[in-house]
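Asks: Residue numbers (my numbering), protein chains in the order written: chain P, 1289 to 1922; chain F, 1289 to 1922.
Treat the hints with care, since some could be wrong.
Identical chains share a label here; the pair holds if one copy fits it or two copies do between them.
Straight-line Cα separation of at most 25 Å, SDA-like style, residue types lysine to any residue; simulated pairs [unchecked claim]:
#1 K1844 / H1644
#2 K1614 / P1492
#3 K1633 / N1879
#4 K1890 / P1430
#5 K1614 / V1756
#6 K1337 / P1351
#7 K1890 / I1446
I should point out that these hints are in silico values taken from the structure, not numbers from a laboratory. Bear in mind the structure is a predicted one, so any value in this text is a computation, not a measurement.
Protein chains: 2
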Amino acid sequence: MYPQLEVDPELTERTTKVRLLSSHSDAQVALGANSDAKAAKRAPQPKWKRALVRHVPVFQWLPGYNMEWGIDDLITGITLGLTIIPESIACALLAGLPARYGLCSAFIGPLIYLIFGSIDKVIIGPTSLVALVSVQFTVGRPIEFAFLLTFLSGVVQIIMGALRIGFVFEFISMPVIKAFSSATAILVIESQIKVLLGIKYLVPGLISSVSTLSSRIGEANMADLVMGICAIIFLLLLELLERVARCQKRSKALRICCRYLSTSRNTLIVFIAGIVSYIWLGYREQLPYSLSPSAISSLPNFTVPSLTIVTPERSYSFWQILQELKVGIIVIPIVGILTNISIGKLTPKGLVDTNHELLTVGLCNMFGSCVQAMPSSGAFTRYAISTACGLKTPMANLYLGIIVLLALSFLSPYFNYIPEATLAAILICSIFTLLDFKLPLRLWRESKRDFGIWLLCFCVCVLFGVEVGLFVSIIVTALHLLFLWARPEILVRIQEMEDMQYISVLPGNGIYFPAINHLRSLVLKACTQADFKITVVIDGHKITGLDYTAAQGISKLSSDLCRQSDASSSILLILYRFPEHLQHLIDVTDNLVFCESEAKVKEFLTQESLRNGHINLTAHIRASIDLGYKIDIE
Amino acid sequence: MYPQLEVDPELTERTTKVRLLSSHSDAQVALGANSDAKAAKRAPQPKWKRALVRHVPVFQWLPGYNMEWGIDDLITGITLGLTIIPESIACALLAGLPARYGLCSAFIGPLIYLIFGSIDKVIIGPTSLVALVSVQFTVGRPIEFAFLLTFLSGVVQIIMGALRIGFVFEFISMPVIKAFSSATAILVIESQIKVLLGIKYLVPGLISSVSTLSSRIGEANMADLVMGICAIIFLLLLELLERVARCQKRSKALRICCRYLSTSRNTLIVFIAGIVSYIWLGYREQLPYSLSPSAISSLPNFTVPSLTIVTPERSYSFWQILQELKVGIIVIPIVGILTNISIGKLTPKGLVDTNHELLTVGLCNMFGSCVQAMPSSGAFTRYAISTACGLKTPMANLYLGIIVLLALSFLSPYFNYIPEATLAAILICSIFTLLDFKLPLRLWRESKRDFGIWLLCFCVCVLFGVEVGLFVSIIVTALHLLFLWARPEILVRIQEMEDMQYISVLPGNGIYFPAINHLRSLVLKACTQADFKITVVIDGHKITGLDYTAAQGISKLSSDLCRQSDASSSILLILYRFPEHLQHLIDVTDNLVFCESEAKVKEFLTQESLRNGHINLTAHIRASIDLGYKIDIE
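Build out the structure end to end from the sequences listed, making use of the hints.
Replies: Right, dumping it as structure tokens:
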């Protein structure tokens, strides 16, 4: 009846395109609108060129690059640069590394992502999330472990991308991602509160950290706290300016001014606090608050990281390093890529090629480790800034990289003047965006199961570490999906067709081996209650898949129906509307038939009722009325 | 229209029964046949009595026990007893234990199964499968490890049964079970060939065992080999008598005689070989072939096994024992219960209450460990015998247990006269039933995927051990099921309704979070090719489930359709026939509507085509003919 252009998902993407294209280009004739211009656009390109454009997205936008985009990108790049510098320093400190190593990630990542990155608004660099997770694997170990973790994360990401197993990320559901990021926010905030209070210790785990903090609360340094709180208030106030910038009533100049003040708030506070420290140190020898650890002022060397680590105390072979890093080399790549995927889903394009993203971030990390960078990924804070500033293309990465490089070459000595409490304030304020407690409330109202997953993930993340929480909740959600195959929805009803009763069985999904016993027991239970008198019809029109075990189970069901009834009669099992390509799997027995049409089913039912004795319609109606059902007789 | 008695699988089993019963008892009035007798049968019993009958099946058949059953059961019991004695000795030797310990399992298991067992034809006792697996965990360790493994297996089985997680066994598909048992057969046969050759060594793994065997083939003892081959020929000949027994043409006496000769063949060969050894030893001091290890003649003491093991060499704490037994305490319970479930599926009742079976076999093992038994389970060989002898009730277990106890008390000294090669021959002949290479051939023809699973399981079992093979194949099949949720069947077509084109999307299954990106990308791809001009209709009538992530994905899809088209127009997303209880999860956006009827869809399509410009029917038909489609105009 209809001109159906079936797009079989099993077919390659290419075929799909071709099929739909042909339908489309013909339909265009009818539509008649701007079809010429578009047809020109779709002129066939050589294969290598298409592959190049697909794998190296810089070729997609560079040819059409123009002045207008350039200005927007320059402004965004500079703003991002000014944001990423203090953020990187803060993340490096969170990861237990000197400031410099954060900045190294902040210039190499964007430069590589500029060429290979497929999501415009992802800005690669250190993030508090990755820093928080990686510190668990590198804490108390030589600093080389951090670079090697970066290197190995990159390698694992590239391997995952090359093997095209990016689809496994689809097994991380939104409640899990949200709970995971909220838990991270809580952990980061907790870890920064001690910095705000000027108390120094390194204890793994939230509970022991909180108990240590409460026992040492007396050691709190008021100057650090005051500095931190001032910084937080300053940041919050400047964040409020964003609202002014959005208000259409104000003059344009004021709005632009407010936006830049707001987006560069991190840099401003670092700058102001740095100047305060600098001037103060001109008068006194020591400050009442602590400054960030001293940094070496120089560009990093490009050296391929050694796979063995030798320190004065001991040397580690590659195997020993792997044993020390444990699951870190799996967790860091996954955590790193998760943010990028989440950001990708927020962008208008909406679709993320996870494998390409894995390869790109893997490259960033691999090259990053050569310039002593920490593991890096995209960040929501930077996504928000690039959206606010109106980023057009990844070119902003170039300007951003240059600014970070300049900072690294010339400003490093001045990083020592930044108070630690200021950096803590920046981290706390930026991580707040990840805290989302509206979602669990909604889930509680609308989907208790999703809420349960959220709660589980959140609690395990907070109590036992984010990597454990992520792992546990992925396993639990996967087990739930498996359970759905074991207990699919199967509707068993006693129906009637022209006064002949039959047991109608309607499986809602494909029937695979874990479900077949469930199906059999449901049918047999219904048959037992109906005294093995009436025919069973399994309606297979919703069945999309069947494996050998399940097919055998259906054959067995038919012999069950044979054996359980009296020796003289056996119940007929009608398989109605079963997909044809699945029928050959089922062994045909004496009392099993396939039917494609309702008329055929009726024929079989009539035959059976003649053989077994007809069910009295009038008596049945009385029975049905007794049961509270109403039957329409046509 | 129909009097529907919906059996929601989510409801408890109880409700299901009640609902169907009420329909049934009313229907009975109409049917009018033997309803009174059955109604009396179904007279309500007190709740505790029903629970007792359900959990202690002995009460199901004992009240109605009669003479006729008794005779059949007695004959079966004696035959089984005569079979299980040599088999138990052989299995004990296979497990690296003295003969006595096999017999201990062979009397305690049946006596407990008599009371609690739910599958008539399962006869608990040592099996070569369990023996083969358990020897890997106990080899080279003190003998107490074997009893403790029995005890812990029982505890694990009882815990699994009590937690009602028996349904996990449904995740073991038939190809996996078949490959697993074929591999076991291969491994048992390989392990017995060296016994037939009279070569003694203990090497784990098939490859190293085969290489050891081939390097030491020169040490083969001809007398052992001759004895073994004679025994095998004898057993095969007596097995052939079974065919005579089945032949209806022969006289009844001959048939009965043949059947008993055939079913007691194991005992006969042991008896004959034992007598030969006994007489021979009267003349010579040593025999040319090896006899089974010496056994102590006494009934076992009933002692609760100690959870610590102290040997002259070293002592093991409970924790150390667990570390030594490793995954054994999980694998043995699973392997043990697998056979029972498989047998249960072969019986006419066909349905196995896995949790009840776990509890029962768990009890058998727990009590077994108190009388120094090895881990035990049902066996296919014994199932075949009890079917052939016409077992009526589990009462046969009683006679069987008594015979084994008698053998244990009085015959133990004579076990020393049984040649080892005879026992090897018994094991080889009995394990042959498990070898099934017809299935993989059929799978190869009909379901390549199932064949792949079979091959994987078989190869891994043979090369790396049965427990590894079982684990790997369960994981692989589970991953495949998960993958089905990530890439479900989704049919995307361009359809038309009264000359209005639309993109029809028909998901075949429930849409859960792993699939939502796939769905979105398929729809967006189709929309891109159709230039974002025509409405998208997602037909949800096959959807049985939706989670929060997927629901959000659908809302996002609608905003994708909004953003990607020109600012002026947005594509309408019609969600057609979505189950009502899932609708509230989806955020309603401007361009997303729910429709229940086709008329409503048509209304929306008309509205949209008026808004976006009508698609010319005539031009469209021309285009369709170009494409090779034919359209019927009504």
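Asks: So, for every hint listed, does it hold in this structure?
Replies: Comparing the hints with the structure gives:
no.	hint	in the structure
1	K1844 / H1644	between (47 Å within a copy, 22 Å between copies)
2	K1614 / P1492	within (16 Å within a copy, 30 Å between copies)
3	K1633 / N1879	between (52 Å within a copy, 19 Å between copies)
4	K1890 / P1430	neither (78 Å within a copy, 69 Å between copies)
5	K1614 / V1756	both (13 Å within a copy, 23 Å between copies)
6	K1337 / P1351	within (13 Å within a copy, 83 Å between copies)
7	K1890 / I1446	neither (59 Å within a copy, 49 Å between copies)
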